[in-house]
Amino acid sequence: MIKLDVVATGDLKIFGDFFTMAYARDVAEKYGVGLTVTEPFRGASSDYAGFDERGVPYVMFYADNLDYINHPSDTVEHVEAEPLGGTVVTVLGLIEALADSIEE
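Quick note on the numbering used here: the sequence shown kicks off at 455 and runs consecutively.
These are calculated hints, taken from the structure and not from any lab test. Glycine included, C-beta positions come from ideal geometry on N, C-alpha and C. Misleading hints may appear alongside valid ones.
Claimed, not checked - Straight-line alpha carbon distances no greater than 27 Å define the calculated DSS-like cross-link-like pairs of lysine-lysine that follow:
1. LYS484 with LYS457
2. LYS467 with LYS484
3. LYS467 with LYS457
Claimed, not checked - Computed Cβ-Cβ distance ranges for the label pairs, DEER-style:
4. SER527 with GLU550: 33 to 43 Å
5. GLU557 with ASP521: 40 to 50 Å
6. LEU546 with ASP501: 17 to 27 Å
7. VAL542 with ALA476: 13 to 23 Å
8. ASP465 with ASP528: 13 to 23 Å
9. PHE473 with GLU531: 30 to 40 Å
10. GLU557 with GLU531: 33 to 43 Å
11. GLU550 with ASP465: 19 to 29 Å
12. SER527 with PHE472: 35 to 45 Å
13. ALA503 with HIS525: 35 to 45 Å
14. ILE523 with GLU493: 11 to 21 Å
15. LYS484 with GLY464: 20 to 30 Å
16. GLY488 with ILE549: 15 to 25 Å
Using the sequences and the hints given, assemble the complete structure.
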């Protein structure tokens, strides 16, 4: 499962299962996208939690600028092209890498 949350404002970060993160790191490195691996949120949750509890591999992409999340100022003019583009490139590459791993 691939989860995206606030990926268009700030530096791109990721957490999740080891193998999916490894694929994502490789893709980000290949395309020159800055990606920091972090620990899962402690004391908070998100849509990924139910998948994780059931043993479904998951990865969550998020950015570190949470100034606008769930706020009236969470509008399109605060979208930053670079982190959003880096997320798109990385996620598309990750999907391709995961599909290729199934075919092997």
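So, going through the hints one by one against the coordinates:
| no. | hint | result |
| --- | --- | --- |
| 1 | LYS484 with LYS457 | holds, 21 Å |
| 2 | LYS467 with LYS484 | holds, 16 Å |
| 3 | LYS467 with LYS457 | holds, 12 Å |
| 4 | SER527 with GLU550: 33 to 43 Å | holds, 35 Å |
| 5 | GLU557 with ASP521: 40 to 50 Å | holds, 42 Å |
| 6 | LEU546 with ASP501: 17 to 27 Å | holds, 20 Å |
| 7 | VAL542 with ALA476: 13 to 23 Å | holds, 20 Å |
| 8 | ASP465 with ASP528: 13 to 23 Å | holds, 18 Å |
| 9 | PHE473 with GLU531: 30 to 40 Å | holds, 37 Å |
| 10 | GLU557 with GLU531: 33 to 43 Å | holds, 42 Å |
| 11 | GLU550 with ASP465: 19 to 29 Å | holds, 24 Å |
| 12 | SER527 with PHE472: 35 to 45 Å | holds, 36 Å |
| 13 | ALA503 with HIS525: 35 to 45 Å | violated, 23 Å |
| 14 | ILE523 with GLU493: 11 to 21 Å | holds, 19 Å |
| 15 | LYS484 with GLY464: 20 to 30 Å | holds, 22 Å |
| 16 | GLY488 with ILE549: 15 to 25 Å | holds, 20 Å |
Hint 13 from the list above is the single one not met by this structure.
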